[in-house]
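Student: Reading the sequence shown from the start, the letters are residues 1 to 215 in our numbering.
The set of hints was computed from the structure by calculation and includes no laboratory data.
For each residue, glycine too, the CB sits at the ideal point set by N, CA and C.
It is possible that some hints are incorrect.
What the hints assert, rightly or not - The list that follows gives simulated cross-link-like pairs (lysine to any residue, SDA-like), each with its CA atoms no further than 20 Å apart: (1) K113 - T124; (2) K113 - W186; (3) K58 - E40; (4) K135 - T118; (5) K113 - R184; (6) K135 - D147; (7) K113 - L34; (8) K135 - L98; (9) K58 - W15; (10) K113 - A189; (11) K135 - D181; (12) K135 - G153; (13) K135 - R167; (14) K58 - A35; (15) K135 - G168; (16) K113 - H94.
To be verified - Label-pair restraints from in silico Cβ distances: (17) Q11 - R140: 32 to 40 Å; (18) R146 - D88: 30 to 38 Å; (19) E132 - T106: 40 to 48 Å; (20) G130 - E56: 23 to 31 Å; (21) A21 - T170: 50 to 58 Å; (22) Q90 - P25: 40 to 48 Å; (23) A189 - R146: 13 to 21 Å.
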Amino acid sequence: MIQGLDPATLQWQAWIGLPDALRGPVLREWLRGLALAPPEHFHIDQLHRQLTCSQETKLLQVSWHGAEVRRYRTLLYAMAPTPAPPPDWQFSWHGHPLELPPGSGTLALRDAKDGSVTLQEPLTVRLRNGGETIKPAGDRHTRELRDLWQGAGVPPWQRGRMPLVYRGNTLAAVGDLWQTDSFRDWLDAQGARLVWTLPPSHGDTFSIDRHLGLR
1 MIQGLDPATL
11 QWQAWIGLPD
21 ALRGPVLREW
31 LRGLALAPPE
41 HFHIDQLHRQ
51 LTCSQETKLL
61 QVSWHGAEVR
71 RYRTLLYAMA
81 PTPAPPPDWQ
91 FSWHGHPLEL
101 PPGSGTLALR
111 DAKDGSVTLQ
121 EPLTVRLRNG
131 GETIKPAGDR
141 HTRELRDLWQ
151 GAGVPPWQRG
161 RMPLVYRGNT
171 LAAVGDLWQT
181 DSFRDWLDAQ
191 GARLVWTLPP
201 SHGDTFSIDR
211 HLGLR
């Protein structure tokens, strides 16, 4: 089986190892299952050529109308093209379900019965600008988000879409993957938990190892 744990991923080394006659049909069947547009023959040839001729650590991308395939580490990622989020996007948030920019999913605060929570004191939700740090709950050290994302296997093109939650001027949570101790205690006092709902796998998916996210 060359498909990854996430249906929108494919083991690229296994794919290029297939016989020539199977590579195209396997790729098209994978994309068809994700409701993405199929590639032409020259897109398949271009993808195969880039995978076999470039360094394994190099990011690559092949696009056509209605779909694109990217490589990160051992996987190919299939997705529908999504506009880049506004670089200065932010929102003053009271905890209600929040629709984030395209490709970023939704963010909500939930109580023990999965109901909505409304805060008197608003939080600020932003997207990445670069250089952010956080001291995750249970961690003795402050970490750069870049290092946390690399450790959790978050592809570079997905990092700028992950919601960052600020309390005052302090970064308190990164999606629902990492939170500071003080923010977790503050949420407990509100009877709330942070829930980040990811986009569907056939869109601009987030293939994140949540076991590596120190929640």
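Student: So does Q11 sit 32 to 40 Å from R140, Cβ to Cβ?
Tutor: Since Q11 and R140 have Cβ atoms about 36 Å apart, the given range 32 to 40 Å holds.
Student: Does K135 pair with D147 here, judged by a C-alpha cut-off of 20 Å?
Tutor: 12 Å, holds
Student: A range of 23 to 31 Å was offered for this pair. Does it hold for the Cβ distance of G130 and E56?
Tutor: Distance hint for G130, E56 holds at roughly 26 Å.
Student: Checking one constraint from the list: CA of K58 to CA of W15, max 20 Å. Satisfied?
Tutor: 17 Å, holds
Student: Cβ-Cβ distance between A189 and R146: within 13 to 21 Å?
Tutor: 31 Å, violated
Student: Should the hint that A21 and T170 are 50 to 58 Å apart at their CB atoms be regarded as holding?
Tutor: Given range 50 to 58 Å: holds, Cβ gap about 57 Å.
Student: Keeping to a limit of 20 Å between CA atoms, is the pair of K58 and E40 held or broken?
Tutor: 24 Å, violated
Student: Does the structure keep K113 and R184 at a Cα separation of 20 Å or less?
Tutor: 18 Å, holds
Student: Just to be careful, I want the Cα atoms of K113 and H94 compared with a cutoff of 20 Å; is the pair within it?
Tutor: Cα-Cα ~18 Å, so holds.
Student: Starting from the range 40 to 48 Å, see whether the pair E132 and T106 falls in it by beta-carbon distance.
Tutor: Since the Cβ atoms of E132 and T106 sit about 21 Å apart, the hinted range of 40 to 48 Å is violated.
Student: Is K135 within 20 Å of G168, Cα to Cα?
Tutor: With a Cα-Cα distance of about 16 Å, the restraint between K135 and G168 holds, given a limit of 20 Å.
Student: Please verify whether K135 and D181 have alpha carbons no more than 20 Å apart.
Tutor: 8 Å, holds
Of the hints listed earlier, those the structure fails to meet are numbers 1, 3, 4, 7, 8, 14, 18, 19 and 23, in rising order.
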